[in-house]
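The chain contents come next:
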Amino acid sequence: MKKLISRRQFLAAAGVVAAAGALSACGSSSSTAGSAAASAGDTIKVGVLAPLTGEVSNYGLAVSNGVQLYLEQVNEAGGINGKQIEVILMDEQGDATQAVNCFTQMVDEGITGLIGDVTTAPTLAVVAESQDYNMPMVTASATAEAVTYDAETDTVYSNVFRTTFTDPYQGIKMADYAYEKLGYRKAAVIFQKGADYNEGLAENFEIEFEANGGEIVASESYSKGDVDFKTQLTTILGKNPEVVFCPNYYEDVGQILAQAESVGLDVPFLGGDGWDGVAGYATADQLKDSYFCANYAVGAAPEFESAYEEKYGEAYPNGFAPLGYDAAVTLCYGIQAAEEAGLEPATDEYKQAVIDAIKNGTIEGVTGSFTFDEHNNPIKTAAILTFENGEAVLKEQY
Amino acid sequence: MTVFFSQLINGLSLGSIYALIALGYSMVYGIILLLNFAHGDIIMVGAYMSWFVMSQLGLGPVAAVCASIITCTVLGVVIEKIAYTPLRGAPRISLLITAIGVSFFLEYTTELLLGSGAKVIPAYFESKVFRLGDVNLGLTAIITLTVTVASMLVLSFLVRQTKLGKAMRAVSEDMDAARLMGVNVNSTISFTFAVGSALAGIGSVLYCCSYPQATPTMGSMLGLKAFVAAVLGGIGSIPGAMIGGIAIGLCESFVSAIGLSAWRDAVTFAILILVLLIKPTGFMGRKVQEKV
Numbered sequence: 001m002k003k004l005i006s007r008r009q010f011l012a013a014a015g016v017v018a019a020a021g022a023l024s025a026c027g028s029s030s031s032t033a034g035s036a037a038a039s040a041g042d043t044i045k046v047g048v049l050a051p052l053t054g055e056v057s058n059y060g061l062a063v064s065n066g067v068q069l070y071l072e073q074v075n076e077a078g079g080i081n082g083k084q085i086e087v088i089l090m091d092e093q094g095d096a097t098q099a100v101n102c103f104t105q106m107v108d109e110g111i112t113g114l115i116g117d118v119t120t121a122p123t124l125a126v127v128a129e130s131q132d133y134n135m136p137m138v139t140a141s142a143t144a145e146a147v148t149y150d151a152e153t154d155t156v157y158s159n160v161f162r163t164t165f166t167d168p169y170q171g172i173k174m175a176d177y178a179y180e181k182l183g184y185r186k187a188a189v190i191f192q193k194g195a196d197y198n199e200g201l202a203e204n205f206e207i208e209f210e211a212n213g214g215e216i217v218a219s220e221s222y223s224k225g226d227v228d229f230k231t232q233l234t235t236i237l238g239k240n241p242e243v244v245f246c247p248n249y250y251e252d253v254g255q256i257l258a259q260a261e262s263v264g265l266d267v268p269f270l271g272g273d274g275w276d277g278v279a280g281y282a283t284a285d286q287l288k289d290s291y292f293c294a295n296y297a298v299g300a301a302p303e304f305e306s307a308y309e310e311k312y313g314e315a316y317p318n319g320f321a322p323l324g325y326d327a328a329v330t331l332c333y334g335i336q337a338a339e340e341a342g343l344e345p346a347t348d349e350y351k352q353a354v355i356d357a358i359k360n361g362t363i364e365g366v367t368g369s370f371t372f373d374e375h376n377n378p379i380k381t382a383a384i385l386t387f388e389n390g391e392a393v394l395k396e397q398y
Numbered sequence: 001m002t003v004f005f006s007q008l009i010n011g012l013s014l015g016s017i018y019a020l021i022a023l024g025y026s027m028v029y030g031i032i033l034l035l036n037f038a039h040g041d042i043i044m045v046g047a048y049m050s051w052f053v054m055s056q057l058g059l060g061p062v063a064a065v066c067a068s069i070i071t072c073t074v075l076g077v078v079i080e081k082i083a084y085t086p087l088r089g090a091p092r093i094s095l096l097i098t099a100i101g102v103s104f105f106l107e108y109t110t111e112l113l114l115g116s117g118a119k120v121i122p123a124y125f126e127s128k129v130f131r132l133g134d135v136n137l138g139l140t141a142i143i144t145l146t147v148t149v150a151s152m153l154v155l156s157f158l159v160r161q162t163k164l165g166k167a168m169r170a171v172s173e174d175m176d177a178a179r180l181m182g183v184n185v186n187s188t189i190s191f192t193f194a195v196g197s198a199l200a201g202i203g204s205v206l207y208c209c210s211y212p213q214a215t216p217t218m219g220s221m222l223g224l225k226a227f228v229a230a231v232l233g234g235i236g237s238i239p240g241a242m243i244g245g246i247a248i249g250l251c252e253s254f255v256s257a258i259g260l261s262a263w264r265d266a267v268t269f270a271i272l273i274l275v276l277l278i279k280p281t282g283f284m285g286r287k288v289q290e291k292v
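Residue numbers (UniProt numbering), protein chains in the order written: chain U, 1 to 398; chain V, 1 to 292.
All the given hints hold, so there is nothing to weed out.
A few chain U residues that don't get close to chain V, going by computed Cβ distances all over 10 Å:
| id | residue |
| --- | --- |
| 1 | Ala77 |
| 2 | Val100 |
| 3 | Lys181 |
| 4 | Glu210 |
| 5 | Asn318 |
| 6 | Ala357 |
Cβ-Cβ distance ranges computed for the label pairs, FRET-style:
| id | chain 1 | residue 1 | chain 2 | residue 2 | range |
| --- | --- | --- | --- | --- | --- |
| 7 | V | Leu277 | U | Glu391 | 52 to 60 Å |
| 8 | V | Leu57 | U | Gly194 | 38 to 46 Å |
| 9 | V | Asn186 | U | Asp196 | 52 to 60 Å |
| 10 | U | Asp154 | V | Leu277 | 46 to 54 Å |
| 11 | V | Ser94 | U | Pro317 | 46 to 54 Å |
| 12 | U | Pro317 | V | Val129 | 36 to 44 Å |
Rather than coming from a laboratory, the hints here were simulated on the basis of the structure.
The model shown is predicted, which means the values in this text are computed figures rather than measured ones.
Even for Gly, the Cβ is constructed at its ideal location relative to N, Cα and C.
Construct all of the structure, not just a fragment, from the sequences and the given hints.
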């Protein structure tokens, strides 16, 4: 009798192999960057989860570079309580299922805290999973409210923190800045309808500006894909505002500024971090006296910028890198407290100590110094940028 | 009242652009009964040409305007020769599908070559705003309205008073009879495409004066709106296209002005549906009797 593998058996075997490949697809690398290798007992394992390949990898790489920069600095300075930090870095490829797989694998490897994830959807998936382990978790960049707080059941995910400010927070910041710092009393708003980001900023700006005592004279909206804003701008012009809040992305902002000029609406405009990159889309004249806020602006923390360039051989790519750096600062702040309490890494008490420390602490990061509010969102200063000769420059931290 | 007049001007200048584009649709439909869905994308190519000449080559606005109009004109004729002429005897549905194919071809080739992000077109002239009493009148609006009116006068003269215009009207009336009378049908059709595309070129420059960004898909919605304008005015009719364009522009402006900006496109296309239901020939369309 010949022993031949039938076609069906072969396919089944191939399928098993392929499935195994997919399950272990979390590309993992573990390292104790920095000085002398430490023995197993004296390391603290920290998970770093980010999309390092795929569509959103430019964000993921920036975050993970920022994170690793800080962790390496900590290790070079002797670690925390004499213990080196061991980084378990995994690539979730921008996929929620993959992110959860990576996370459970990290838990098996004994991490004591997680830095990640980067984009909102996979972060939400990991947040749900992390509840079972009460795993301290700091995301650098997921802005959705639901990451730290479930509005339906009014519960805060007490183990989850973030270092980026949320969308509503930007609207509030800009309303305060417009009213208190710039002295405007009559504002108009123009925003894209049906987009969480734009609506969130606009709505919170209006509420805060009016709460401050200002007046919203016009609130105009447009739909995604619109290019003609003259009608809305003419309506705004007819209400004589002193300033217009325009919380949209830079391409739309460019169109709006150009058309405002052509209908004779020559008041300053304000915006959120969607304005990053607007300089190429509007003239210096159109941008005169305009302001927008961002998590981080070039020149706000020169030591961070030069350290990044030294390690990676290129300037930090975008605001995700300093936010990643601060996520690492935040988690290490918590670990420091747990170590000082003499607890054993990866135990439940240790994790709780990390969470409590972060919750009650003040973090000194490169994007500013911050504490956390009741929903675990950072209360921090925003970088306010303005324009000089059409180029965005840091005005101040506010 | 001040705001009303300003919105009227906004509507008129938006409508002028629709009208110029609608003319191209209408003329081509009038002569070979083809809905040239690539027409909107010709405008897109014209806009990129302006960007290329001013931003990349660093030449002045006059060169950019000339380059845009010439490119559109040539492109229109080339498309006609390559894609439509070989299908002269084919069923109309084949022509229509080809037109949609050409449209996608232009959009995705541009996206492949230049990316999907918007390119900023430098200003052709320095923006100025004049005040007439309380009403702000932008230089852009003045130029848009003037150029549109001038283009339409020239077009009317061309169609009514010249020999080529006569040939166009003859071919549109009855292609076979015109051929028997010695009219060169092929060159007349090419000429119609050239004129329609040149108007699209002018429309593209005016569009970029008001909305200074070029994207690969900018032509599709613009083309559809102009198509609605052409149908509203009576497709095939030159004065109809002008009236239809202005009517759609005014309608869009006033829908936004009363705070229903989210409904703007919906209203435009509702007009299309209503026209097709109630008066398919539009304002100025001829009633064509089916010959038995």
